[in-house]
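S.K.: Chain A is fixed; fit chain B onto it per the hints.
Same order as they appear, the protein sequences are chains A and B. Residue numbers for the first sequence follow the numbering used here, so the first one is 487 and each next one is one higher. Residue numbers for the second sequence follow the numbering used here, so the first one is 147 and each next one is one higher.
It should be emphasised that the hints constitute simulated quantities derived from the structure, not laboratory data. One should not assume that every hint holds.
[As the list claims (entries may be wrong)] Using 30 angstroms as the maximum straight-line C-alpha spacing, the simulated DSSO-like pairs for lysine-lysine come out as follows:
no.: 1; chain 1: A; residue 1: 659; chain 2: B; residue 2: 234
no.: 2; chain 1: A; residue 1: 531; chain 2: A; residue 2: 659
no.: 3; chain 1: B; residue 1: 246; chain 2: A; residue 2: 659
[What the hints assert, rightly or not] Here are the simulated distance ranges between beta carbons:
no.: 4; chain 1: B; residue 1: 161; chain 2: A; residue 2: 977; range: 50 to 60 angstroms
no.: 5; chain 1: B; residue 1: 165; chain 2: A; residue 2: 942; range: 49 to 59 angstroms
no.: 6; chain 1: B; residue 1: 161; chain 2: A; residue 2: 529; range: 53 to 63 angstroms
no.: 7; chain 1: A; residue 1: 801; chain 2: B; residue 2: 172; range: 26 to 36 angstroms
no.: 8; chain 1: B; residue 1: 181; chain 2: A; residue 2: 502; range: 35 to 45 angstroms
no.: 9; chain 1: B; residue 1: 178; chain 2: A; residue 2: 801; range: 31 to 41 angstroms
[Claimed, not checked] Covered by chain B, per the in silico footprint, the following chain A stretches (three or more residues, Cβ under 8 angstroms):
no.: 10; region: 631-639
no.: 11; region: 660-669
no.: 12; region: 674-687
no.: 13; region: 691-700
no.: 14; region: 738-746
Every residue gets a Cβ at the ideal spot worked out from N, C-alpha and C, and that includes glycine.
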Amino acid sequence: MTTSLTTFSLSYSWADYRLALPMLLLTVFALGILMIDLMLPAHWKRLNAITALIGVAFSSVAVVKLHLAYHAAEKQGIAVAAFSGFMGSLVVDRFAIYFFYLFLMGAGVAILMSMRYLEIEHENHGEFYALMLLSVVGMMCMAAGYDIVLIFIGLELMAISTYVLVGFLRRDKRSNEAALKYLLLGAFSSGIFAYGLSLFYGLTGSTNLGQIAQKLQEVIATRPNDPVVIFALLATTTGLLFKIAAVPFHQWAPDAYEGAPTSITGFMSVAVKSAGWAMLLRIFLFGLYPLRSMYVPLLIFVAIATMTGGNLAAITQDNLKRLLAYSSIAHVGYMLLGLIASDGQTNSTGIMAIMIYLLVYTFMNLGAFAVITSLRRRNIIGDTVDDIAGLYFKAPTEAILMLIFLLSLAGIPPLAGFWGKYFIFLSLIETGHYTLASIGVLYSVVGLYYYMRIANSMLMRQPIDAEPVHTRPAMRLALTITAVGTVVIGLFPNFFINVTNWSLGLVQGTQHMAGMLR
Amino acid sequence: MTEITTMHYLVVAAALFIIGTIGVLTRRNVVIILMSIELILNAVNLNLVAFSRLWGLHGQVFAIFVITDAAAEAAVGLGIIIAFFRNKETVNVDEVDLLKW
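With the rest of the complex left out, here is chain A:
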């Protein structure tokens, strides 16, 4: 007892706070927005969004500096030791840095999308942006956490902020209802997840993922098929699958996506989902790696169910946000295939495929939601397939951008979405999972149908309302960033593939995830 007390007090230093700087900056800006908001007159509320963007920019600079410092430390061979802080609970390795960039990108674009939208909804309050920044802090804790306490607290910080954001349109019944459902199911799944974590703590005596992996190895060597291990794994897996919205734990997603403010739907579908994936990969590939032979069969079942449920339910949807929610569930199914194929030790193509999938998904899905957000006008909610009818005749630019995003989501080359799917299927073929690869390809074809249904409505039908579509500069910037990302990654994938390989520590020709703590 006394030894653990002394280590607690001795091992903090200022160097630890350098690692947490991106999060600390975001927290400072979030609190700053809350205070500045009180002093702003109603017509100056746009300043909140600008403050939030400055916060994201500052945090990005901090991440870039960490990135460069990490490079330098790696040359001396001291990177992993130098970049884990707070007694090994925070590890800013390549994997974490990659996800930091993704989260900040997603948050930045979502803030740009929100500016006009909140004015139309008459809910332009500073708390909106503060909560968004705080949820990014939570996501960063999830991606860089190497201790189940920090990962759990990060998860809850993100989740609680998002519950409020989903219900931000206080006077809208759909928003209330979405927040209520998301809250109940989210809190329930967090409880189950925490219960699983507490059992793993009991089994291994540690909260550190590395030590948990070591002890678990011994535990399953002496007691294979221990019921407590199996139950702990089931509870933890349920929590993780809930957060990424995999079938059969997906029912909250369509409801929360439909009811939430559209810009938050976009934010949730990319940043919150990436954070869920970062946490899932950390836990499955590091802490619970010794149990891989137990969780893979489970994941195969879930992946097939997710692709089936997501794709088939999306076919019948008339609400665009709900349709894209089901399509994002289907995308999670494809990504799970990558985790089934690769374990990060003998083969890493699947893990790399998941990372690049998340990158392209951030651009294309956020772009699709940006177009839907721009359809919100006075008295028109603009989120059904009928609302987008004839968009080409009213706003050709938006319609063509939407077409690009939809084709990319469907995985048509040469757009970015193709590369995500390509590497997933490549990893399945490399590891001999031919049946799963064929199921995945077949469901991609189903996907094409419902994406083209939107395109058909947009290009072939006559407009139903005469209300013109105006986009503000902020929205135009958001559309430009996402469209350029989608096209450039599609046309010049090499650079981005190298970045992804770097984030996993993959050197050309080897399959191991080097440079990562294990």
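M.R.: Just chain B now, with coordinates in the frame of chain A:
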């Protein structure tokens, strides 16, 4: 009198967890569902504190964080329920029916 061992605490925690889960799945009042979720989190706390008898302080620190999280979740949860009640005049989950399929 038999001595109370760690195992006894774990059985109580497991019972709390099961009661909480059944509560979430069967009750219709949102406030009671929220209370059932608190039960699950308390099962987690009991687990952690019981295990920290064996393994040292980490479990108790984790338990304090879980308590804090439960408080935050309850605050936000009740806030959302009030916002919902203002628009809909009900806290029964059977009547939460605008968004489906």
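S.K.: Each hint: holds or not?
M.R.: The hints, checked one at a time:
{"no.": "1", "hint": "A:659 <-> B:234", "verdict": "8 angstroms, holds"}
{"no.": "2", "hint": "A:531 <-> A:659", "verdict": "25 angstroms, holds"}
{"no.": "3", "hint": "B:246 <-> A:659", "verdict": "14 angstroms, holds"}
{"no.": "4", "hint": "B:161 <-> A:977: 50 to 60 angstroms", "verdict": "59 angstroms, holds"}
{"no.": "5", "hint": "B:165 <-> A:942: 49 to 59 angstroms", "verdict": "51 angstroms, holds"}
{"no.": "6", "hint": "B:161 <-> A:529: 53 to 63 angstroms", "verdict": "57 angstroms, holds"}
{"no.": "7", "hint": "A:801 <-> B:172: 26 to 36 angstroms", "verdict": "33 angstroms, holds"}
{"no.": "8", "hint": "B:181 <-> A:502: 35 to 45 angstroms", "verdict": "38 angstroms, holds"}
{"no.": "9", "hint": "B:178 <-> A:801: 31 to 41 angstroms", "verdict": "37 angstroms, holds"}
{"no.": "10", "hint": "631-639", "verdict": "holds (count 4)"}
{"no.": "11", "hint": "660-669", "verdict": "holds (count 8)"}
{"no.": "12", "hint": "674-687", "verdict": "holds (count 10)"}
{"no.": "13", "hint": "691-700", "verdict": "holds (count 3)"}
{"no.": "14", "hint": "738-746", "verdict": "holds (count 4)"}
In the structure shown, no violation is registered for any of the earlier numbered hints.
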